[in-house]
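Those protein sequences? They're chains A and B, same order as listed.
Quick note: the first sequence uses the working numbering, first residue 1, plus one each step.
Quick note: the second sequence uses the working numbering, first residue 1001, plus one each step.
Take the hints with a grain of salt, since some may be wrong.
Stated by the list, open to error - With a cut-off of at most 20 Å between alpha-carbon atoms, the simulated DMTMM-like pairs for lysine to aspartate or glutamate come out as follows:
hint: 1; chain 1: A; residue 1: LYS94; chain 2: B; residue 2: ASP1117
hint: 2; chain 1: B; residue 1: LYS1172; chain 2: A; residue 2: ASP171
hint: 3; chain 1: B; residue 1: LYS1172; chain 2: B; residue 2: ASP1207
hint: 4; chain 1: B; residue 1: LYS1213; chain 2: B; residue 2: GLU1062
hint: 5; chain 1: B; residue 1: LYS1172; chain 2: B; residue 2: ASP1117
hint: 6; chain 1: B; residue 1: LYS1172; chain 2: B; residue 2: ASP1137
hint: 7; chain 1: B; residue 1: LYS1213; chain 2: B; residue 2: ASP1240
hint: 8; chain 1: A; residue 1: LYS94; chain 2: B; residue 2: GLU1163
hint: 9; chain 1: A; residue 1: LYS94; chain 2: A; residue 2: ASP171
hint: 10; chain 1: A; residue 1: LYS94; chain 2: B; residue 2: GLU1165
hint: 11; chain 1: B; residue 1: LYS1241; chain 2: B; residue 2: ASP1055
hint: 12; chain 1: B; residue 1: LYS1172; chain 2: B; residue 2: GLU1158
No lab work stands behind these hints: they were computed from the structure.
A quick note: this is a predicted structure, and the numbers were derived from the prediction, not measured.
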Amino acid sequence: MALRGALRIVEHDAMVYRRTWRGGIVTTILGPFLFLASMGLGLGGYVDRGGSAAVLGGVSYLAFLAPGLLAAQAMQTAAFESTYPILGRIQWDKTYLAALATPIGVDDLVWGELGWIAVRLTFACGIFLIVMAGFGAVHSPLAVLDLPVAVLTGLAFAAPIVAFSATQRRDSGFNAIFRFGVTPLFLFSGTFFPVDRLPEPLQPVAWITPLYHGVDLARALSLGRVDPLPAGVHLVVLVAFAAGGVALARAAFRRRLRV
Amino acid sequence: MPAAADPVPTGPPPTVPSGAPTGVPAVLATVPEPLIRARGLTKRFGRFTAVDAVDFDVAPGEAFGFLGPNGAGKTSTMRMIGCVSPVTAGSLSVFGMDPHTDGGRIRARLGVVPQADTLDMELTVRENLLIYGRYFDLPRREALRRAAELLQFVQLAERADDEVEPLSGGMKRRLTIARSLINEPELLLLDEPTTGLDPQARHLLWDRLYRLKQRGVTLVLTTHYMDEAEQLCDRLVVMDKARIVAEGSPRELIERHSSREVTELRFAPGVQESLGGRLDGLADRVEWLPDRVLLYAADGEAAARAAHGRGIRAESVLVRRSTLEDVFLRLTGRSLVE
């Protein structure tokens, strides 16, 4: 039943999405365009003229920025999908209780929701990657691997945030996640400038967040400059966050729903 | 506890471990295996005991009720039967299986109507049934076929493609019942199925439940409405403060614990308090409620006349038959709905 149950939850979420996708599709496609045009080309034009080559490793700002934005977008999409929809189903509509009256089990809910988030990430990041290639911001065929890396980066956030959402009774806690988590990480995890430009005491903070590892790995792949050791570390950190998050989410769901 | 010298079959005594198919005494071999068997069933939340060592059996095809006020432990018992809430102590078997190890297989054969609506507001009426069918692993086509049939059954066919939110309370309840039937369950668990509904909606629901019972579906329901229990239940247990205080058919319970008739006397403000002992001996039993006095007697008219003969002038006098409400009052000293 294990996989089948989780797939039923994915099916549920797809059924919901079928009714609501029109609202989000424009942002999903237009977002990458606007960001890459304004920041990559517009701002990048100034950056490239200012002698940034040494800092950015000899590539254009657009090529430097795009993979970072890809990973950052994965984080944002994941954060949204793991907060309000989860709380709604657990607290407001209580539809998880309805599902648990069927052969569906608590673990099916956790794996199913994360499975659906992975589907959404694949879709959103795939579009981003295509737009990125259209802008000429991809320097290596290895950039294809940016898709799984971006999805994994998203899941490294989604799993622990799903666990957090399952402990909440109101949505007020989500403000903290976005204000003190998602937004600072978006700005300071190496997306817009290398982490070694951060004040020295802050650099280790960046290293322990998953986004830095996702950004750096995605960038290495799209520029075709993969160094096995750091790449391996990045992967291990991302997988560790995702796996730890899954363990927390399973425990949180069980505590909340199996009383 | 009342004396247990009644002829109601209650299965083997509690000392016999449940769910043991081997070694069943020969005298019990002809009794059909109960669909649900609970022995010493207990649920605790921290230091609070919600269900305190209750014993009961539910036979296939019967409508079995848990009657009691809010907080009596009815919902906790239902959630344990539904295999969504772990048993703290005692034993429970459903379809001869253990909820702890076979939860998924038991739930596959159950229908559940929870106390609060848990309908999916993100989906349409029909999609609510479709996805539920999918949770039970029905093929899409079959789930859609059953959904259409069930929407007819609960008179919601014309709302099939509407959203759930604008539906009335009664419609939502009916949709919840339709959803609980998508897997053609052998056993339907209904937790307060008509609480909060207007009389018309309740009667429609009762009619649908009665039809299901006719088809052989076993019904287990909780309620704090004595009329609901009397209408629907072949047999029920009265629960109070986490324990079962009586068991039997509605009629048996009334015969055993109450008189045939009841005379209700209502007085002008202040009069009831001044009556003192003037009602003593008028009936088998006299019950003083804040707003009225109940005289329990075989002949209610005679009791009313006797009160009048003593010069007691009530503002209104009502003679009626005893109900489960009176049984509950007798057993616990309190009303069902407070």
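Hint check:
| no. | hint | verdict |
| --- | --- | --- |
| 1 | A:LYS94 <-> B:ASP1117 | holds (8 Å) |
| 2 | B:LYS1172 <-> A:ASP171 | violated (26 Å) |
| 3 | B:LYS1172 <-> B:ASP1207 | holds (16 Å) |
| 4 | B:LYS1213 <-> B:GLU1062 | holds (8 Å) |
| 5 | B:LYS1172 <-> B:ASP1117 | holds (7 Å) |
| 6 | B:LYS1172 <-> B:ASP1137 | violated (24 Å) |
| 7 | B:LYS1213 <-> B:ASP1240 | violated (27 Å) |
| 8 | A:LYS94 <-> B:GLU1163 | holds (17 Å) |
| 9 | A:LYS94 <-> A:ASP171 | holds (15 Å) |
| 10 | A:LYS94 <-> B:GLU1165 | holds (14 Å) |
| 11 | B:LYS1241 <-> B:ASP1055 | holds (15 Å) |
| 12 | B:LYS1172 <-> B:GLU1158 | holds (14 Å) |
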